[in-house]
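Given chain A, put chain B in place with the hints provided.
Quick note, the sequences are listed as chains A and B, same order.
Once you know that position 201 of the first sequence is 201 in my numbering, the rest is easy, because the numbers rise by one and skip nothing.
Once you know that position 208 of the second sequence is 208 in my numbering, the rest is easy, because the numbers rise by one and skip nothing.
Worth flagging that the hints you see were computed from the coordinates, not collected in a lab.
You may find that some hints are simply not true.
Because identical chains share one entry, a pair is satisfied inside a single copy or across any pair of copies.
Dumping the calculated BS3-like pairs for lysine-lysine here, alpha-carbon to alpha-carbon at most 25 Å [unchecked claim]:
(1) Lys-94 - Lys-34
(2) Lys-53 - Lys-94
(3) Lys-65 - Lys-354
(4) Lys-130 - Lys-94
(5) Lys-65 - Lys-94
(6) Lys-401 - Lys-371
(7) Lys-173 - Lys-4
(8) Lys-219 - Lys-4
(9) Lys-65 - Lys-219
(10) Lys-94 - Lys-354
(11) Lys-354 - Lys-53
(12) Lys-401 - Lys-34
(13) Lys-174 - Lys-401
(14) Lys-53 - Lys-219
(15) Lys-219 - Lys-293
(16) Lys-371 - Lys-4
2 protein chains.
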Amino acid sequence: MPVKLTAPQAASLLSVKGVSLGFAQAHVRKPNRKDVLVITLAENSRVVGVFTKNRFCAAPVLLCKDFLAQQQGIRALLVNTGCANAGTGEDGLKRAQLSCEALAQLLNLQSNQVLPFSTGVILEPLPVDKVIAGLPVAIANLQEDNWLNAAEAIMTTDIVAKGTSRQIELSGKKVTITGISKGSGMIHPNMATMLGYIATDAAVSQAALESIIQYAVNKSFNCITVDGDTSTNDSLILMATNQAANTEITENSADFVLLRDALTEVAIELAQAIVRDGEGATKFMTVTVEGGKSSEECRQIAYAIAHSPLIKTAFFASDPNLGRILAAIGYAGIEDLDVNTLQLYLGDVLVAEKGGRAASYREDQGTAIMKELDILVRVVLNRGDAKVTIWTCDFSYDYVKINADYRS
Amino acid sequence: MPVKLTAPQAASLLSVKGVSLGFAQAHVRKPNRKDVLVITLAENSRVVGVFTKNRFCAAPVLLCKDFLAQQQGIRALLVNTGCANAGTGEDGLKRAQLSCEALAQLLNLQSNQVLPFSTGVILEPLPVDKVIAGLPVAIANLQEDNWLNAAEAIMTTDIVAKGTSRQIELSGKKVTITGISKGSGMIHPNMATMLGYIATDAAVSQAALESIIQYAVNKSFNCITVDGDTSTNDSLILMATNQAANTEITENSADFVLLRDALTEVAIELAQAIVRDGEGATKFMTVTVEGGKSSEECRQIAYAIAHSPLIKTAFFASDPNLGRILAAIGYAGIEDLDVNTLQLYLGDVLVAEKGGRAASYREDQGTAIMKELDILVRVVLNRGDAKVTIWTCDFSYDYVKINADYRS
Numbered sequence: 001m002p003v004k005l006t007a008p009q010a011a012s013l014l015s016v017k018g019v020s021l022g023f024a025q026a027h028v029r030k031p032n033r034k035d036v037l038v039i040t041l042a043e044n045s046r047v048v049g050v051f052t053k054n055r056f057c058a059a060p061v062l063l064c065k066d067f068l069a070q071q072q073g074i075r076a077l078l079v080n081t082g083c084a085n086a087g088t089g090e091d092g093l094k095r096a097q098l099s100c101e102a103l104a105q106l107l108n109l110q111s112n113q114v115l116p117f118s119t120g121v122i123l124e125p126l127p128v129d130k131v132i133a134g135l136p137v138a139i140a141n142l143q144e145d146n147w148l149n150a151a152e153a154i155m156t157t158d159i160v161a162k163g164t165s166r167q168i169e170l171s172g173k174k175v176t177i178t179g180i181s182k183g184s185g186m187i188h189p190n191m192a193t194m195l196g197y198i199a200t201d202a203a204v205s206q207a208a209l210e211s212i213i214q215y216a217v218n219k220s221f222n223c224i225t226v227d228g229d230t231s232t233n234d235s236l237i238l239m240a241t242n243q244a245a246n247t248e249i250t251e252n253s254a255d256f257v258l259l260r261d262a263l264t265e266v267a268i269e270l271a272q273a274i275v276r277d278g279e280g281a282t283k284f285m286t287v288t289v290e291g292g293k294s295s296e297e298c299r300q301i302a303y304a305i306a307h308s309p310l311i312k313t314a315f316f317a318s319d320p321n322l323g324r325i326l327a328a329i330g331y332a333g334i335e336d337l338d339v340n341t342l343q344l345y346l347g348d349v350l351v352a353e354k355g356g357r358a359a360s361y362r363e364d365q366g367t368a369i370m371k372e373l374d375i376l377v378r379v380v381l382n383r384g385d386a387k388v389t390i391w392t393c394d395f396s397y398d399y400v401k402i403n404a405d406y407r408s
Numbered sequence: 001m002p003v004k005l006t007a008p009q010a011a012s013l014l015s016v017k018g019v020s021l022g023f024a025q026a027h028v029r030k031p032n033r034k035d036v037l038v039i040t041l042a043e044n045s046r047v048v049g050v051f052t053k054n055r056f057c058a059a060p061v062l063l064c065k066d067f068l069a070q071q072q073g074i075r076a077l078l079v080n081t082g083c084a085n086a087g088t089g090e091d092g093l094k095r096a097q098l099s100c101e102a103l104a105q106l107l108n109l110q111s112n113q114v115l116p117f118s119t120g121v122i123l124e125p126l127p128v129d130k131v132i133a134g135l136p137v138a139i140a141n142l143q144e145d146n147w148l149n150a151a152e153a154i155m156t157t158d159i160v161a162k163g164t165s166r167q168i169e170l171s172g173k174k175v176t177i178t179g180i181s182k183g184s185g186m187i188h189p190n191m192a193t194m195l196g197y198i199a200t201d202a203a204v205s206q207a208a209l210e211s212i213i214q215y216a217v218n219k220s221f222n223c224i225t226v227d228g229d230t231s232t233n234d235s236l237i238l239m240a241t242n243q244a245a246n247t248e249i250t251e252n253s254a255d256f257v258l259l260r261d262a263l264t265e266v267a268i269e270l271a272q273a274i275v276r277d278g279e280g281a282t283k284f285m286t287v288t289v290e291g292g293k294s295s296e297e298c299r300q301i302a303y304a305i306a307h308s309p310l311i312k313t314a315f316f317a318s319d320p321n322l323g324r325i326l327a328a329i330g331y332a333g334i335e336d337l338d339v340n341t342l343q344l345y346l347g348d349v350l351v352a353e354k355g356g357r358a359a360s361y362r363e364d365q366g367t368a369i370m371k372e373l374d375i376l377v378r379v380v381l382n383r384g385d386a387k388v389t390i391w392t393c394d395f396s397y398d399y400v401k402i403n404a405d406y407r408s
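Isolated chain A (complex conformation) (with noise of 0.2 Å):
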């Protein structure tokens, strides 16, 4: 079960001006689900993404890096899921090139205005023809307001439809962020297995928007992992429809933080959701790695913690069996760590420094922590300033039951 963590309402997320969403059934895999989803975009639109750096990395996420170049004016997005068209070669790269030539068609576009996503099974060939087929009616139903179903159109593994809105003011306008996201499995920065797509309707320069990604990204999902599995189609997009008739924002613009921040706020929200949705979660995780040499050492013990699955499996059953995240801390690659100068909390409460148990500890502290649902693990190395946050859930049954059915 999802932790601490329902689907957003439909009114809950509010229309972007310039921005509809249309789905529809189109049995790519399995039927009587939402399977694709068109997203349309005003003309003047700006669009950005992130990808995923797997080398294995899926036919559409090619030909998104490639249509983002060409710097056409994206005007359209098309998703599917039950197929990830990754590790599908050649044939996979034609495939998902026709999808975007028959969405291009219907809209009057050119197919590299139009940029595809697919999520779902490695190794399969996509069934393009019943994305195509299902085009007309997911462009029947484009709607402003059709937010909610398109955060539930993308889902695979998740249990629950993932969106969230923010509403700021920038020189006197009102601007709307909404994104959505998908992700439960084949977490890991660089990205997640995992689709994300924020909007807003605010006017932003291009390279304000390049700028505003990788900060929000390296804030958000970057810092999530479910498994440690990074995936080959992980794709977050963020879209200014420039709608909203305030004052362009520039990377120079007094209001530029305002909103860089408004849309990291959302990329987090939308982050740790996809981690309180972690295939078999019960637990949510913060790890907190502070007083580092640098950020890479902070990030190399904070992953450490999260991926042991002698942790995440102690977490899951809630025992305090804290001698295992010494034990990470320990091989987390450090070599001139001292582990007698660090100290490990969970929660606000001491549990080990100069080398060994606290002395103030008492195990009935660790177990009344462990039974809770958001748990915060913080080390502290006492040798710099660096800091990093990341997010992770635990490792149950239920991960296994998920990941040992997924196809059948």
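Chain B in isolation, oriented as in the chain A frame:
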């Protein structure tokens, strides 16, 4: 259940002249189980060791390294299960030292002639009084043919005892090698939560013995992983008692390779036994990556495959969801990897090439292989001559169960 692994017969574990083994039920953590092992060595034995690289290495590991460096002639080993004496700071060192002093006194040795070993729960104080109280019983039953009892005495979450023997001839003299090991969780190179003790009655120079243990560990214990967790306590000890009356083996001896390879065979069998008895294991997987530019990149890819929870759960389910293997190859961190020129085989079956599924591949072939208990995953990179083989197991409900319940 262990994968194609049964405990050795007592008679199959051959006595090694100069090595005696005795055990006790000392109730270190649980009653009615062998949990203390004493091994004594004839005078003039030579002993070398390889230990965990975890920065939080346990107190006994620190003492082992110290005592081996002092070169006073190791004459005894003391092993306890139930408590790892790791993450225990200064107090842990004192307790480990106390246990060595107690055994040294009973055997009329100096304490730096006794190597201590602990395995079990981390972050809890070693009940050293219980260990010491068990020593007289262990000493009373010291025998040369106690190898199976010894293998049982070092088990923790292991299901079956692990041991094997070999005999070879060196300069016309029969030489015996016997080894035992333990470990089934927190298993990862550098090294596993594992203890290994291999003894031979051969006469071997100190330098040759050092050379052999490095060679053997790199071919065996450093090639296994169950869960990617590197333990605080891993120790492999190689002992040569100089009782076989062979001409002393040096690195220049004609027979050096013969002895080295026989000891390495034993180490490989003991290491593989740990994976076959991996926590919750139902499948044994051999992962070979060949045609790499370097061993390092082959290892990176092999471990990316072997650590992926998504792959391990698919093997548990006998589901040829092979795209997950491509994804792992892709995120292994080889920046210039060309996914279009590599091949992926499952057993003898070509599964993927040219960036996608092989034209000749049929899913029933994959399904048939996935149902086997021993499965070979082979990646051919076609960019060099390097080759690496590692061993791992699948990821099942029982892994979660065992590790969620471990302390209760």
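Okay, the hints, checked on the actual structure:
no., hint, verdict
1, Lys-94 - Lys-34, "within (24 Å within a copy, 64 Å between copies)"
2, Lys-53 - Lys-94, "within (21 Å within a copy, 49 Å between copies)"
3, Lys-65 - Lys-354, "between (50 Å within a copy, 21 Å between copies)"
4, Lys-130 - Lys-94, "within (15 Å within a copy, 70 Å between copies)"
5, Lys-65 - Lys-94, "within (15 Å within a copy, 60 Å between copies)"
6, Lys-401 - Lys-371, "both (23 Å within a copy, 18 Å between copies)"
7, Lys-173 - Lys-4, "neither (34 Å within a copy, 70 Å between copies)"
8, Lys-219 - Lys-4, "within (21 Å within a copy, 47 Å between copies)"
9, Lys-65 - Lys-219, "within (22 Å within a copy, 43 Å between copies)"
10, Lys-94 - Lys-354, "between (60 Å within a copy, 15 Å between copies)"
11, Lys-354 - Lys-53, "between (39 Å within a copy, 19 Å between copies)"
12, Lys-401 - Lys-34, "within (24 Å within a copy, 35 Å between copies)"
13, Lys-174 - Lys-401, "neither (46 Å within a copy, 52 Å between copies)"
14, Lys-53 - Lys-219, "within (17 Å within a copy, 32 Å between copies)"
15, Lys-219 - Lys-293, "within (19 Å within a copy, 35 Å between copies)"
16, Lys-371 - Lys-4, "within (14 Å within a copy, 39 Å between copies)"
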